[in-house]
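First to last, the protein sequences are chains A and B. With the numbering used here, the residue at position 155 of the first sequence is 155, and numbering never jumps. With the numbering used here, the residue at position 145 of the second sequence is 145, and numbering never jumps.
A hint or two may mislead.
[Stated by the list, open to error] Here are the simulated DSS-like pairs of lysine-lysine, each with C-alpha atoms no more than 30 Å apart in a straight line:
hint: 1; chain 1: B; residue 1: K42; chain 2: A; residue 2: K21
hint: 2; chain 1: B; residue 1: K94; chain 2: A; residue 2: K188
hint: 3; chain 1: A; residue 1: K21; chain 2: B; residue 2: K119
hint: 4; chain 1: B; residue 1: K42; chain 2: A; residue 2: K188
Derived by calculation from the structure, the hints in this document are not laboratory data.
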Amino acid sequence: MKIVIIDYGAGNIQSIKFAIKRLGYEAVLSSNAEEIRNADKVIFPGVGEAGSAMRMLRSTGLDKVIPTLKQPVLGICLGMQLMCNYSEEGDTTGLGIFDADVKRFENSVKVPQIGWNQITNLDSHLFDHVENGEYVYLVHSYYVPECADEIARTEYGVNYSTALHRDNFYGVQFHPEKSSKTGEQILKNFLKLDLGS
Amino acid sequence: MLTKRIIPCLDIKNGRTVKGVNFVDLRDAGDPVELAAAYAEKGADELVFLDISATEEKRKTLAKLVLDVAEQLNIPFTVGGGISSVEDVDILLKNGADKVSINSSAVKNPDLINQLSDKFGSQCVVVAIDAKNIDGKWKVHLVGGKVPTNLDLFEWAKEVEQRGAGEILFTSMDHDGTKNGFANEALARLSEELNIPIIASGGAGNIQHFQDTFQKGKADAALAASVFHFKEIEILQLKKELKSAGIPMRV
Chain A
1 MKIVIIDYGA GNIQSIKFAI KRLGYEAVLS SNAEEIRNAD KVIFPGVGEA
51 GSAMRMLRST GLDKVIPTLK QPVLGICLGM QLMCNYSEEG DTTGLGIFDA
101 DVKRFENSVK VPQIGWNQIT NLDSHLFDHV ENGEYVYLVH SYYVPECADE
151 IARTEYGVNY STALHRDNFY GVQFHPEKSS KTGEQILKNF LKLDLGS
Chain B
1 MLTKRIIPCL DIKNGRTVKG VNFVDLRDAG DPVELAAAYA EKGADELVFL
51 DISATEEKRK TLAKLVLDVA EQLNIPFTVG GGISSVEDVD ILLKNGADKV
101 SINSSAVKNP DLINQLSDKF GSQCVVVAID AKNIDGKWKV HLVGGKVPTN
151 LDLFEWAKEV EQRGAGEILF TSMDHDGTKN GFANEALARL SEELNIPIIA
201 SGGAGNIQHF QDTFQKGKAD AALAASVFHF KEIEILQLKK ELKSAGIPMR
251 V
């Protein structure tokens with residue numbers, strides 16, 4: 001299985017690579033459109049600021065490539081947020097894959113949210129063998145309000161969509177690569193996804 | 001619900017774990033990668049590696065250690081100790097650290113906080129503050145608590161937040177190494193005056209101390225070293241007891 005992690009200069013890519021290695025697979029980093037298109041699974045990471053991340057995607061042309069991918073794609077953290085229509089962070093348009101606008105948490109809660117929180121209302125094969133209410137590691141200041149593409153929910157001041165799915169595209173706000181055994185199960189599920197099922 | 005976090009801290013010197021008592025008297029407490037994996041297995045929510053070596057090889061040794069830890073560890077970790085530039089941070093994050101902690105370098109060059117949060121995002125910038133209560137005023141100290149400054153803890157903490165820090169790691173010099181509990185009054189004030197997570201550090205001796213720092217000190221996370229390294233407190237037992245005391249915990 002060919003796993004490609006999209007390399008566009010954003011994100012804690014090394015940790016994702018190691019997490020996949022612990023599952024017994026090898027992932028390659030690539031910013032090459034053809035290599036990405038030919039992968040069996042694509043991971044779209046992201047840590048940092050949405051506006052500058054989108055600029056990096058545009059300057060490499062990857063903003064045109066990602067929405068046209070046909071294999072399972074998993075956006076992680078900022079990666080998921082960039083797959084939405086728009087983000088308040090940096091007032092930027094996104095890739096428009098998920099029909100949602102990313103908002104900043106209100107100051108009634110501490111921002112960023114840092115730590116372990118629960119995922120509920122699980123509704124996808126991405127969460128096979130994961131119990132409702134299990135804990136995952138999150139670190140973010142912006143969130144996706146509840147939307148039609150939601151496959152998991154988290155509560156932090158508000159209920160929000162902590163995982164999304166549309167067609168071959170998946171997104172998780174949390175870091176599966178840092179979420180202990182629960183995260184490993186979710187990554188394993190993603191790598192096993194068969195779009196026919 | 002977002003849980004409170006339990007964070008073992010590993011002091012690293014020349015690639016080995018040591019624990020200072022009152023920041024002196026070092027004792028060897030094992031291999032960092034092995035210890036890290038064991039803590040993750042036992043339910044630690046996060047780890048902090050604090051590099052206290054002063055050799056010229058330090059940067060290379062630390063970068064290598066971060067890579068080794070990232071390869072093994074499936075929970076987040078922070079690296080601190082002598083980090084003073086954007087380049088230092090860049091290599092540590094590239095090697096797999098989730099966050100970096102800066103201390104003296106932030107006081108000497110506060111703009112570093114802005115640079116780091118602009119380039120890497122505030123979520124990975126922890127500002128560590130060591131402070132001591134002198135005649136009723138909390139004063140920030142540098143170089144592992146050896147050098148006093150005129151900075152007031154609460155003013156400095158607010159400045160750090162405005163400059164883009166994502167978290168504050170507050171160590172009370174008065175409590176560190178005493179095993180008499182955390183500086184809960186100062187912690188609660190930090191939590192009330194700031195809107196970023198606060199990690200309590202210094203003074204953990206028993207399970208009640210952790211309960212107090214979450215309930216009275218309003219801390220978001222609690223960090224400790226020797227009570228974990230020398231198995232005076234088992235993390236799983238700690239988390240179970242805190243959970244039954246009504247504190248949100250991942251058990």
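Hint check:
{"no.": "1", "hint": "B:K42 x A:K21", "result": "22 Å, holds"}
{"no.": "2", "hint": "B:K94 x A:K188", "result": "24 Å, holds"}
{"no.": "3", "hint": "A:K21 x B:K119", "result": "28 Å, holds"}
{"no.": "4", "hint": "B:K42 x A:K188", "result": "22 Å, holds"}
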